[in-house]
Structure formats: structure tokens, C-alpha cells
Amino acid sequence: RKEVEQDPGPFNVPEGATVAFNCTYSNSASQSFFWYRQDCRKEPKLLMSVYSSGNEDGRFTAQLNRASQYISLLIRDSKLSDSATYLCVSDGGSQGNLIFGKGTKLSVKP
Amino acid sequence: EAGVTQSPTHLIKTRGQQATLRCSPISGHTSVYWYQQALGLGLQFLLWYDEGEERNRGNFPPRFSGRQFPNYSSELNVNALELEDSALYLCASTQWGTDEQYFGPGTRLTVT
Numbered sequence: 001r002k003e004v005e006q007d008p009g010p011f012n013v014p015e016g017a018t019v020a021f022n023c024t025y026s027n028s029a030s031q032s033f034f035w036y037r038q039d040c041r042k043e044p045k046l047l048m049s050v051y052s053s054g055n056e057d058g059r060f061t062a063q064l065n066r067a068s069q070y071i072s073l074l075i076r077d078s079k080l081s082d083s084a085t086y087l088c089v090s091d092g093g094s095q096g097n098l099i100f101g102k103g104t105k106l107s108v109k110p
Numbered sequence: 001e002a003g004v005t006q007s008p009t010h011l012i013k014t015r016g017q018q019a020t021l022r023c024s025p026i027s028g029h030t031s032v033y034w035y036q037q038a039l040g041l042g043l044q045f046l047l048w049y050d051e052g053e054e055r056n057r058g059n060f061p062p063r064f065s066g067r068q069f070p071n072y073s074s075e076l077n078v079n080a081l082e083l084e085d086s087a088l089y090l091c092a093s094t095q096w097g098t099d100e101q102y103f104g105p106g107t108r109l110t111v112t
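Respectively, the protein sequence lines represent chains A and B.
Each residue of the first sequence is one higher than the last, beginning at 1 in the working numbering.
Each residue of the second sequence is one higher than the last, beginning at 1 in the working numbering.
If a hint is listed, it holds; no wrong ones were tucked in.
Simulated pairs of lysine to aspartate or glutamate, EDC-like, Cα-Cα distance not exceeding 20 Å:
no. : chain 1 : residue 1 : chain 2 : residue 2
1   : A       : Lys105    : A       : Asp7
2   : A       : Lys79     : A       : Glu56
3   : A       : Lys102    : A       : Asp39
4   : A       : Lys102    : B       : Glu100
5   : A       : Lys109    : A       : Asp77
6   : A       : Lys109    : A       : Asp39
7   : A       : Lys45     : A       : Asp82
8   : A       : Lys105    : A       : Glu5
9   : B       : Lys13     : B       : Glu75
10  : A       : Lys102    : B       : Glu84
11  : A       : Lys109    : A       : Glu15
12  : A       : Lys45     : B       : Asp99
13  : A       : Lys45     : B       : Glu100
14  : A       : Lys42     : B       : Asp85
15  : A       : Lys42     : B       : Glu100
16  : A       : Lys102    : A       : Glu3
17  : A       : Lys102    : B       : Asp85
18  : B       : Lys13     : B       : Glu84
FYI, nobody ran anything at the bench for these hints, they're computed from the structure.
Keep in mind that this is a model prediction, so the values were computed, not measured.
Take the sequences, apply the hints, and build the full model.
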């Protein structure tokens, strides 16, 4: 079983739409969670850390559900520039070894 | 503040050769991580260095090795290159005590 699983998409949405991604993790000992975005043939860029209480950064909201072992990312008022692959990441229960999901591709259309 | 830097940007080698990839972390970051991103496979963890020591290793053969220097920069060496080693190799760094990793632009290794 993959440690971090995501729907690969693609999610094709119009500008201004709200879109949500979920991901599940298998290791209940995982403590740290993140969302990264990766543009084609570029390095992943940290979007936000995910805290137990949930956190918001502008149009982006991340939630963690430990009981169900899933993490979500909500993007409101989608922009063309949000088009990218979004990577869900957990620490896999141990330090120094982030486990990356394969990513969910988002395409925002005009 | 300068980000993580990696060199070279591209590297072309033939099967059986050795490749050396370099990484400089963000100033003040002491940990360096190496990942392989092959097409369609997502990021795979290779190695973690902290304070000059190898702290953790992913599921890769021993021909993948590296080191960290006193200035915290790092080198990844891949010996006896195979065609399937062709990938984007990414380096990331963190500050002591945090898990937030910041990535460099990567080295694209092509093995022919």
C-alpha cells in the first residue's frame, strides 16, 4: 500500500472556481504534513504546512483529519497561475524522510 | 536570501560512468536531502545528511552515495550508471528542528 495516495487528476476547472484535493496517508505515526506545488519540469515549492487545527493562507486552506488519516487542500477563486501539480507530503513517522504523493494535476482554464 | 543551488543543471553520461551532483543549502540550513524524480514515479527519497553525517537512506543501491562538507554543502555520487538512473535529482535543505524542506532547481541526469 502506497504511503501517501492522491487522485492524480487532472482536475480541469474554470477560473474563479473552488477546487478541493484530498490525500490519505498510511502511517498513523506521521506527525508533519505539507502541500507542495510543482510546475512542469521545475522543483517542488512549499505551499503550506498542515496543522492539526487547520490553517489558511489567502485563498488556500489546508485541513488534517488524523482519525481518518487524510489531508485536504482547498483552493478558492482559482487563478490561471494555480495550474500545477499539487503534492501531498507526510513525514512517514520518522524524521528526515518526507514521503511524497505522486501529485494531483490542476488545470485552471479561462 | 539565496535559495538552494544545484550544479550542474544538466548532465549527460554514458552507462557505466560515474556522476557527481552538487548542492548548496540555504544559508543557516544544516540538513540536506537528496531525491530522485524519474518520469511518472514521483519523488523518491535517496539520502539525508545532517552535520556531516548520513542520517537516513532510502531504498537505493549502494552505488548511490554522497557526503556533506563542513560548510553544509553536499555531493551526490552515482557510480556504474544505468539507463534507469536518468531522472531529475533534487536537493532540499531544512533548518535544524524543522521539517519544512526547500528545494533547489535540480540536476537533470541523462544516461545514454
